[in-house]
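Enquirer: Below, each chain spelled out in residue letters.
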Amino acid sequence: MSCPHRFRFVTVVLAAGLLGGIAAGRAVAEEPVLQEEESDIVRLSPVTPHRVLVHDEAGQHARDGRVYVVDADAGKLLGMVQAAYNANVVQDPGGKAFYVAETVWSRGNRGDRLDLLPAYDPQTLTITNDQVLPGRALVTPKQNDLAVSNDGKHVYVFSMVPTSAVYVVDTAAHKVTQTVDIPGCALIYPWGNSGFTSVCADGSLANVSLAGDHATVSHTAPFFDPEKDAVFEHSPTRRPDGKTWFISYTGLVYPASLSAGTKIEPAWSLQEAAGLERPPAGDAPFVKAWRPGGWHLSALHYATGHLFVLMHQGTFWTHKQAGTEVWELDVSTHKLIRRIPLRQPSMMVGVTQDASPLLFTGDKDGTFYVWNATTGKLLRQIHHLGDDLYYTVALGE
Amino acid sequence: MSQSDRPEPADRRAAGHPGERAPGLIDRLTERLTRRMASHSSRRSFAGRAGAWLTLGSMIPTLPVTRADAAPAAKPEGRPKAPTPFAASAQTTDPTTCNYWRYCAIDGFLCAACGGGVHSCPPGTSPSPTSWIGTCFNPADGRSYLVAYRDCCGQDACSQPPCLGTEGDQPSYRPQANNDIIWCFGTGALIYNCSTSVIVGNAS
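Chains A and B, in that order, give the protein sequences.
For the first sequence, position 102 (counting from the first letter as 1) is numbered 101 according to numbering that gives the first Met the number 0, and the numbering increases by one without interruption.
For the second sequence, position 27 (counting from the first letter as 1) is numbered 26 according to numbering that gives the first Met the number 0, and the numbering increases by one without interruption.
None of these hints come from the bench; they were simulated from the model.
Incorrect hints may have been included.
List time: in silico DSSO-like cross-link candidates among lysine-lysine, alpha-carbon distance up to 27 Å [to be verified]:
id : chain 1 : residue 1 : chain 2 : residue 2
1  : A       : LYS319    : B       : LYS80
2  : A       : LYS319    : A       : LYS376
3  : A       : LYS152    : A       : LYS227
4  : A       : LYS227    : A       : LYS95
5  : A       : LYS95     : A       : LYS152
6  : A       : LYS75     : B       : LYS80
7  : A       : LYS262    : A       : LYS227
8  : A       : LYS376    : A       : LYS227
9  : B       : LYS80     : A       : LYS95
These stretches of chain B come out as covered by chain A in the derived footprint (C-beta under 8 Å, 3 or more residues) [stated by the list, open to error]:
id : segment
10 : 125-131
11 : 186-192
Beta-carbon label-pair distances, calculated as ranges [what the hints assert, rightly or not]:
id : chain 1 : residue 1 : chain 2 : residue 2 : range
12 : A       : SER355    : B       : GLY116    : 40 to 46 Å
13 : B       : SER158    : A       : ALA73     : 28 to 34 Å
14 : B       : THR91     : A       : GLY107    : 47 to 53 Å
Cβ coordinates follow ideal geometry from the N, Cα and C atoms, glycine included.
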């Protein structure tokens, strides 16, 4: 560049810089001065059908478990509460509160053990009552270890020490009203306002009717062989009437109308509903087939009777393998409606209970996927919402 | 009654010293055989044959044949096939990875990768006296073993990569066969750190 040209170039650059500076200065001058602020706390709206609780076990540091409150429409985290050590969460069916069953020790990993059932205000996420429990089962979180009655007046807590039992908590009086022994049985499938059913080691069911401060227990005959083809703990219950669809390792579905006199209907097959053969059980351990599996592997949309089940291709003892597809089936016609391939294998599936339901899955990185449950299309995802997403709780469940 | 109080038979008294028993049939046969062998062989040939038998007899245990007392009580015919998919791909050398043969039904973090061992708790933790039992196939010897999955407790999760073996795993309404339960009963704090796999019996 010759000398005159260089002079001209420098002049242009300086002029541009001067003009830019004037413009920037004018813009700064036009910005209002930031005002002093007050610290406050966000208050959430009342619970909506698409605001869900998402349980994170945080298995790599289990004392730090938590429950996330998520706006599934916006794909946004609204808040969280602690859920210490293999905790469980259940929500009042009307959305007035949610309860976390958790365990802490007075000195962190040692000291006096304290089993708690805090009740949370769903709009402030503050504790309205911090109920002390006589104990509870410490087991990898299963939704059916904690349940609530249809009217929300009783919370049921499963315990294993010293024996299998269920603590009945009065949510208004804030006390444990009774302890129901269920020897040889476990889990809680609630029905109505004052009853629940448990699954027993011999393949039968124990039906518990609560009245005042006493309980009556009846048993069904065994209807499955736990050694050969056990039913999953995470089988879905239709809350309004307590009907439960027990799903077995091989994919048999046993509809059961739970009550004091539970009736169990003949089983139908998930695979046969999809036009496939029933896969063999453990006596043919190398046969690969489409099978149900995962952790919280099924969900039910009550109004339509659509059952969503995580499926994968595997051999018999792969019942905890993450699902690569969600199969949507009609529980009244026993027909497959849709197979939804997943972006990533999921250990959990959940669904909301409104007329425009959303479907939820996760992945090994803790990402939360939101699907349109009516079309089977992926809507959005929340990247790494948590560490170990175990299950969701939606309004009305 | 003392022996001296007993009346002795007449032939015994006549045959030898007082107190000696009369030779029985076996004694008499043995004596006759020995005398006949001595009268038909020299001392040197007897010593040679006896020495040869002794030498051969002492060498039998060293021969390259399977020793009966080292063989299994019930050795299966041929090499058993792995009974399950896990067993078919299991290895027997590295207990810090999930496909180690004993981990067919383990659920959690491997104590062997957390400062402990296959049957040892890491320092700072306590073994639970309770556990559930699985059955795993050992590809190295073709036998199945009962394995107790005893948790080590007192510290929070070890956080090494988790393993999830599910062969024989049943739901928690069958607690004796469920790997989800925190098997820390009987320890101070029921906080789970890692899992060991202790052989407690032969299941073949």
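Enquirer: With reference to the structure, classify each hint as holding or not holding.
Expert: Here is how each hint holds up against the structure:
no.: 1; hint: A:LYS319 - B:LYS80; in the structure: holds (25 Å)
no.: 2; hint: A:LYS319 - A:LYS376; in the structure: holds (25 Å)
no.: 3; hint: A:LYS152 - A:LYS227; in the structure: violated (38 Å)
no.: 4; hint: A:LYS227 - A:LYS95; in the structure: violated (42 Å)
no.: 5; hint: A:LYS95 - A:LYS152; in the structure: holds (11 Å)
no.: 6; hint: A:LYS75 - B:LYS80; in the structure: violated (52 Å)
no.: 7; hint: A:LYS262 - A:LYS227; in the structure: holds (22 Å)
no.: 8; hint: A:LYS376 - A:LYS227; in the structure: violated (36 Å)
no.: 9; hint: B:LYS80 - A:LYS95; in the structure: violated (58 Å)
no.: 10; hint: 125-131; in the structure: violated (count 0)
no.: 11; hint: 186-192; in the structure: holds (count 5)
no.: 12; hint: A:SER355 - B:GLY116: 40 to 46 Å; in the structure: violated (55 Å)
no.: 13; hint: B:SER158 - A:ALA73: 28 to 34 Å; in the structure: holds (32 Å)
no.: 14; hint: B:THR91 - A:GLY107: 47 to 53 Å; in the structure: violated (38 Å)
Consistency with the previously given hints fails for numbers 3, 4, 6, 8, 9, 10, 12 and 14, ordered from lowest to highest.
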